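Undergrad: My request is simple: use the sequences and hints to build the entire structure.
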Amino acid sequence: MKAHRRNKLIAILAGLVLLAGAVALVLFALSENINHFYPPTEVAQGKAPMDRTIRVGGLVSYNSVKRDNDGLNVEFQITDNQNTMMIQYEGILPDLFKEGQGVIAEGKLVTADRLVATKVLAKHDEKYMPPEIEQSLEKYGHPVQSKTTDN
Amino acid sequence: MIPEVGNFLLIMAFINAIFLGTLSFYGAQTSHQGLIRFTTRAAVSIFVLVLASFICLTISFINNDFSVAYVANHSNSQLPVYYRISAVWGAHEGSLLLWVLILTGWMAAVAIFSKSLPKDLVARVLGVMGLVAVGFIAFTLFTSNPFERVLPFIPIDGADLNPLLQDFGLIVHPPMLYMGYVGFSVVFAFAIAGLLQGNLDHKWARWSRPWTTVAWIFMSLGIALGSWWAYYELGWGGWWFWDPVENASFMPWLAGTALIHSLAATEKRGVFKSWTVLLAILTFSLSLLGTFLVRSGVLTSVHSFANDPVRGRFILIFLGIVVGASLLVYALQSSKIRSKTNFGLYSRETALLFNNALLAVVTFMVLLGTLHPLIQEAFTGGKSSVGPPYFNLMFSIFMIPILILMPIGQQINWKQESLKPLLTKFWLWAISSFLLAIAIVVVLGDLQPMAIIGTTLGLWVLAGCAKYILGQAGKNASLTAGMKKISRSYWGMIVAHLGVAVTVLGVVLTSYFSLEKNIKIRQGETVQVEDFKVEFYDFKNTQGPNYISSAGSFRIYSDSEVLTELHPEKRKYNASRMVMTEADIDAGLFRDIYMVMGEPLEDGAWAVSVYYKPFVRWIWLGAIFMALGGVLAISDKRYREKRRLKKQNAAPSDGLAKAGSEEADNE
Numbered sequence: 000m001k002a003h004r005r006n007k008l009i010a011i012l013a014g015l016v017l018l019a020g021a022v023a024l025v026l027f028a029l030s031e032n033i034n035h036f037y038p039p040t041e042v043a044q045g046k047a048p049m050d051r052t053i054r055v056g057g058l059v060s061y062n063s064v065k066r067d068n069d070g071l072n073v074e075f076q077i078t079d080n081q082n083t084m085m086i087q088y089e090g091i092l093p094d095l096f097k098e099g100q101g102v103i104a105e106g107k108l109v110t111a112d113r114l115v116a117t118k119v120l121a122k123h124d125e126k127y128m129p130p131e132i133e134q135s136l137e138k139y140g141h142p143v144q145s146k147t148t149d150n
Numbered sequence: 000m001i002p003e004v005g006n007f008l009l010i011m012a013f014i015n016a017i018f019l020g021t022l023s024f025y026g027a028q029t030s031h032q033g034l035i036r037f038t039t040r041a042a043v044s045i046f047v048l049v050l051a052s053f054i055c056l057t058i059s060f061i062n063n064d065f066s067v068a069y070v071a072n073h074s075n076s077q078l079p080v081y082y083r084i085s086a087v088w089g090a091h092e093g094s095l096l097l098w099v100l101i102l103t104g105w106m107a108a109v110a111i112f113s114k115s116l117p118k119d120l121v122a123r124v125l126g127v128m129g130l131v132a133v134g135f136i137a138f139t140l141f142t143s144n145p146f147e148r149v150l151p152f153i154p155i156d157g158a159d160l161n162p163l164l165q166d167f168g169l170i171v172h173p174p175m176l177y178m179g180y181v182g183f184s185v186v187f188a189f190a191i192a193g194l195l196q197g198n199l200d201h202k203w204a205r206w207s208r209p210w211t212t213v214a215w216i217f218m219s220l221g222i223a224l225g226s227w228w229a230y231y232e233l234g235w236g237g238w239w240f241w242d243p244v245e246n247a248s249f250m251p252w253l254a255g256t257a258l259i260h261s262l263a264a265t266e267k268r269g270v271f272k273s274w275t276v277l278l279a280i281l282t283f284s285l286s287l288l289g290t291f292l293v294r295s296g297v298l299t300s301v302h303s304f305a306n307d308p309v310r311g312r313f314i315l316i317f318l319g320i321v322v323g324a325s326l327l328v329y330a331l332q333s334s335k336i337r338s339k340t341n342f343g344l345y346s347r348e349t350a351l352l353f354n355n356a357l358l359a360v361v362t363f364m365v366l367l368g369t370l371h372p373l374i375q376e377a378f379t380g381g382k383s384s385v386g387p388p389y390f391n392l393m394f395s396i397f398m399i400p401i402l403i404l405m406p407i408g409q410q411i412n413w414k415q416e417s418l419k420p421l422l423t424k425f426w427l428w429a430i431s432s433f434l435l436a437i438a439i440v441v442v443l444g445d446l447q448p449m450a451i452i453g454t455t456l457g458l459w460v461l462a463g464c465a466k467y468i469l470g471q472a473g474k475n476a477s478l479t480a481g482m483k484k485i486s487r488s489y490w491g492m493i494v495a496h497l498g499v500a501v502t503v504l505g506v507v508l509t510s511y512f513s514l515e516k517n518i519k520i521r522q523g524e525t526v527q528v529e530d531f532k533v534e535f536y537d538f539k540n541t542q543g544p545n546y547i548s549s550a551g552s553f554r555i556y557s558d559s560e561v562l563t564e565l566h567p568e569k570r571k572y573n574a575s576r577m578v579m580t581e582a583d584i585d586a587g588l589f590r591d592i593y594m595v596m597g598e599p600l601e602d603g604a605w606a607v608s609v610y611y612k613p614f615v616r617w618i619w620l621g622a623i624f625m626a627l628g629g630v631l632a633i634s635d636k637r638y639r640e641k642r643r644l645k646k647q648n649a650a651p652s653d654g655l656a657k658a659g660s661e662e663a664d665n666e
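Note that the protein sequences, when read in sequence, are chains S and U. Just so it is clear: in the first sequence, position 36 is 35 by numbering that gives the first Met the number 0, and no numbers are missing. Just so it is clear: in the second sequence, position 157 is 156 by numbering that gives the first Met the number 0, and no numbers are missing.
No lab work stands behind these hints, which were simulated from the structure alone. Remember, predicted model here, so these are calculated numbers, not experimental data. The C-beta atom is built at its ideal place from N, Cα and C for all residues, glycine as well. Mixed in with the good hints, there may be bad ones.
Stated by the list, open to error - Quick look at which bits of chain U chain S covers, simulated, 3 or more residues with Cβ under 8 angstroms: (1) 340-354; (2) 360-370; (3) 389-400; (4) 519-528; (5) 571-583.
Stated by the list, open to error - Cut-off 25 angstroms, straight-line C-alpha distance, at most; resulting in silico cross-link-like pairs (DSS-like, lysine-lysine): (6) Lys516(U) <-> Lys118(S); (7) Lys484(U) <-> Lys424(U); (8) Lys424(U) <-> Lys339(U); (9) Lys466(U) <-> Lys414(U); (10) Lys419(U) <-> Lys7(S); (11) Lys414(U) <-> Lys335(U); (12) Lys118(U) <-> Lys335(U); (13) Lys202(U) <-> Lys114(U); (14) Lys97(S) <-> Lys636(U); (15) Lys474(U) <-> Lys414(U); (16) Lys474(U) <-> Lys636(U); (17) Lys339(U) <-> Lys7(S); (18) Lys414(U) <-> Lys484(U); (19) Lys636(U) <-> Lys484(U); (20) Lys483(U) <-> Lys466(U); (21) Lys519(U) <-> Lys532(U); (22) Lys474(U) <-> Lys419(U); (23) Lys571(U) <-> Lys65(S); (24) Lys466(U) <-> Lys484(U); (25) Lys571(U) <-> Lys519(U); (26) Lys97(S) <-> Lys571(U); (27) Lys414(U) <-> Lys202(U); (28) Lys65(S) <-> Lys519(U); (29) Lys474(U) <-> Lys424(U); (30) Lys414(U) <-> Lys424(U); (31) Lys516(U) <-> Lys65(S); (32) Lys118(S) <-> Lys519(U); (33) Lys7(S) <-> Lys519(U); (34) Lys519(U) <-> Lys97(S); (35) Lys7(S) <-> Lys414(U); (36) Lys516(U) <-> Lys107(S); (37) Lys107(S) <-> Lys118(S); (38) Lys118(S) <-> Lys571(U).
TA: Given below as structure tokens:
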């Protein structure tokens, strides 16, 4: 084999090994780090795992935000208009966090209906509704409508 | 009246772009001189039309013309005039118009600065850009027209610009970023034009190289500005979130970085030609994908803006056409491309090959992580997101070999080099980097293995740059004589790599040694936060131009010495009733102290966040160095040569190639 052919072969093989390694790593890292989204109804149905980081989201229920006065713990309830769940968070909530608005919380479930959040996302644009929440509200938020479609 | 004029001008630009996008190819194919001359004029006139249209929209903003829906939704009579101007690109419609303006600006620049290139090639390049312009102007006109009126019920006042965007960052960040995004359309157009013509020689790389570098400079600065803006404006003390919208800008940057390197190899040595062409196509495709991700809102992002599925579909179709058509052209024509392959295993060509392979893999993994939620949704219907740990892990894994190879790659010779003497010279530098890294890490905090690895790599790249300069000095009488011998484009490379080192050090040291604390504090109280004391000594409500501000005043002590006084604010904007936190930052080269007002608690206490961020400025400082490197590279002698030769009117393209190849041998 000529030198440049050999080099080409080495380059191609090195490339393939690198690519295979990369794909394997990527798939492994992805499987470890995907945060699935669950609306409160699915959490209530027990579909959400307990020991993994997940995302939940819904509208913040009115008059549900309670602040712990000697620390920075805050608790609030979110709803998809069918079921509710509690979110617990330590820290400063984002500027656009408001009762009645859509939020997404990322964290782990500690009991069947309580999530300890490490991150709370509220949106920059107050007109904007995260697509997850919009869908889950459509799905679970109007029980009357969904009944008629079931029939 | 003015909005109608703007709309009319934009329609004129659209019609012109259609002519440009079709007649140019016909003219180039049939060598019709009249049509070829038309293309350069059309390119300039389209730019002038879009510019005039853009000015019309700006005037509507300055004059508070709330009969225009876009102005009414994103401005307010209380808004200071400079924010009224930047509000033009503060939301979807206007930022698209800015996009079109910049695209046509690049097009006009190509028309003006390519007089020394073959005329039919320039015609084709402008034709490709014209077609891209047709797509984007159509998108603006048919789905997101900023000139639409709200008649007959004109609002008395506007809804105001999103307070987050009322900031210096917004004035400069989008134009910079768009200059980069859209700038990659030039090298894309060169690639497609070259493919259509069927003769992609090394000249192709020479011509498109400076354009790519300029786009890359803007993109680097744009991303850095965005990161800096998020850092001080969002109040989380974070500078990068691996958010889909950030990734959207990062992917073309990564691909563009790979492209700059492979263009160098293609220009100097005639290798990797077809890969370079493919990379040019992919880089611009990633720019378009980025636009799609940002503008369609298919992914949940911290930067989400209001969106509309029709727009998303339009860009997706456009993206499909552009990528599909260009890959088709590539598939049909790339067999005509002939690359040289005569280089040894230990050569700069191989080093650049690794650079490109690794950068391509990094780009791919960012792409996969960004699109994964969409793929997942398509197959399972479930919503998900990919967390930062994925990106952090994957990015670090592939950056490590890139950084290890960087100093070697920048010193290894073209064609062939014996590895052993090259590596022996590096041992001492590697060991010193490692020892210095341990020292730095010990000073800043705990001995964490990843922090040591990252710091070592940053220093190793720095050492590589220093070693190169010293090596040149060794060959000459003195250090300054040696430094003068180094060509501008080489300086560009050194400075840009220096920038990478600075950014790496910033990222590693900030990530591992930042302090973040949320505390509860009353006015008059002093609270201990790790090694610091925080005193809350004053609180004031004041009136801003379009908001009411509540500002706390804090003193930060280290021992009993006052380090700094900070005044973070909470602002309530009058028009939108939105509350915004304004962080206050004491910035320094080696550390930032950062404070944010959180919520008022009971009995006059406040929740506040205090961050101590060592070396955070280095992240953006590095980006400035990278951009500076790019500027040095394009100011190299051989590009000025072009202009001189053009003036002499002496067979420009041949003379250019000759001057270039001599230069290549010198290096």
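Undergrad: Confirm or reject each hint.
TA: Hints, one by one, checked against the model:
Residues of the stretch 340-354 of chain U lying with their CB closer than 8 angstroms to a CB of chain S number 7, which satisfies the three-residue condition for coverage. Counting residues of the stretch 360-370 of chain U whose CB lies closer than 8 angstroms to any CB of chain S gives 5, which reaches the minimum of 3, so the coverage claim holds. Check on the stretch 389-400 of chain U: 5 of its residues sit with their Cβ under 8 angstroms from a Cβ of chain S, so the three-residue criterion for coverage holds. With a cut-off of 8 angstroms between beta carbons, the stretch 519-528 of chain U has 1 residues touching chain S; three or more are needed, and the interface restraint is violated.
For a cut-off of 8 angstroms, the count of residues in the stretch 571-583 of chain U with a CB near a CB of chain S stands at 5, and the three-residue condition holds. Distance check on the hinted pair: Lys516(U) and Lys118(S) sit about 15 angstroms apart at the alpha-carbon level, within 25 angstroms; holds. Of the pairs offered as hints, the one joining Lys484(U) and Lys424(U) holds, with about 21 angstroms between alpha carbons and a cut-off of 25 angstroms not exceeded. In summary, the hint linking Lys424(U) to Lys339(U) is not supported, as the alpha carbons are separated by about 30 angstroms, beyond the 25 angstroms threshold.
Taking the CA atoms of Lys466(U) and Lys414(U), the gap is near 22 angstroms; set against the 25 angstroms cutoff, the hint holds. Between the alpha carbons of Lys419(U) and Lys7(S) the distance comes to roughly 22 angstroms, so the proposed pair stays at or under 25 angstroms and holds. Only pairs whose Cα atoms come within 25 angstroms are accepted, and Lys414(U) paired with Lys335(U) is accepted, the gap being roughly 24 angstroms. Between Lys118(U) and Lys335(U) the alpha-carbon distance is near 22 angstroms, which keeps this suggested pair within the 25 angstroms criterion.
Only pairs whose Cα atoms come within 25 angstroms are accepted, and Lys202(U) paired with Lys114(U) is accepted, the gap being roughly 15 angstroms. Using a Cα cut-off of 25 angstroms, the hinted pair Lys97(S) and Lys636(U) is violated, with the two alpha carbons roughly 59 angstroms apart. The hinted pair formed by Lys474(U) and Lys414(U) meets the criterion: a straight-line CA distance of about 22 angstroms does not exceed 25 angstroms. Distance check on the hinted pair: Lys474(U) and Lys636(U) sit about 22 angstroms apart at the alpha-carbon level, within 25 angstroms; holds.
Proposed proximity of Lys339(U) and Lys7(S) is supported: the alpha carbons are some 11 angstroms apart, at most 25 angstroms. Distance restraint check for Lys414(U) and Lys484(U): the Cα-Cα separation of roughly 22 angstroms lies within the 25 angstroms cut-off, and the hinted pair is therefore satisfied. At roughly 13 angstroms between alpha-carbon atoms, Lys636(U) and Lys484(U) fall within 25 angstroms of each other, so this suggested pair holds. The suggested pairing of Lys483(U) with Lys466(U) holds, with an alpha-carbon distance near 16 angstroms, which does not exceed 25 angstroms.
For the proposed pair Lys519(U) and Lys532(U), the alpha carbon gap of about 13 angstroms is at most 25 angstroms, so the pair holds. This hinted pair checks out: Lys474(U) and Lys419(U) have alpha carbons roughly 20 angstroms apart, not beyond 25 angstroms. In summary, the hint linking Lys571(U) to Lys65(S) is supported, as the alpha carbons are separated by about 22 angstroms, within the 25 angstroms threshold. Only pairs whose Cα atoms come within 25 angstroms are accepted, and Lys466(U) paired with Lys484(U) is accepted, the gap being roughly 15 angstroms.
Distance restraint check for Lys571(U) and Lys519(U): the Cα-Cα separation of roughly 22 angstroms lies within the 25 angstroms cut-off, and the hinted pair is therefore satisfied. Proposed proximity of Lys97(S) and Lys571(U) is supported: the alpha carbons are some 14 angstroms apart, at most 25 angstroms. The hinted pair formed by Lys414(U) and Lys202(U) meets the criterion: a straight-line CA distance of about 20 angstroms does not exceed 25 angstroms. Restraint check for Lys65(S) and Lys519(U): the C-alpha separation of about 16 angstroms stays at or below 25 angstroms, so the hint holds.
Between Lys474(U) and Lys424(U) the alpha-carbon distance is near 15 angstroms, which keeps this suggested pair within the 25 angstroms criterion. In summary, the hint linking Lys414(U) to Lys424(U) is supported, as the alpha carbons are separated by about 20 angstroms, within the 25 angstroms threshold. Only pairs whose Cα atoms come within 25 angstroms are accepted, and Lys516(U) paired with Lys65(S) is accepted, the gap being roughly 21 angstroms. For the hint linking Lys118(S) to Lys519(U), the alpha-carbon distance of about 19 angstroms falls within 25 angstroms, and the restraint holds.
About 64 angstroms separates the Cα atoms of Lys7(S) and Lys519(U), which puts this hinted pair outside 25 angstroms; it is violated. Restraint check for Lys519(U) and Lys97(S): the C-alpha separation of about 21 angstroms stays at or below 25 angstroms, so the hint holds. Only pairs whose Cα atoms come within 25 angstroms are accepted, and Lys7(S) paired with Lys414(U) is accepted, the gap being roughly 14 angstroms. Of the pairs offered as hints, the one joining Lys516(U) and Lys107(S) holds, with about 21 angstroms between alpha carbons and a cut-off of 25 angstroms not exceeded.
Proposed proximity of Lys107(S) and Lys118(S) is supported: the alpha carbons are some 11 angstroms apart, at most 25 angstroms. About 24 angstroms separates the Cα atoms of Lys118(S) and Lys571(U), which keeps this hinted pair within 25 angstroms; it holds.
When the structure is compared with the earlier hints, violations turn up for hints 4, 8, 14, 33 and for no others.
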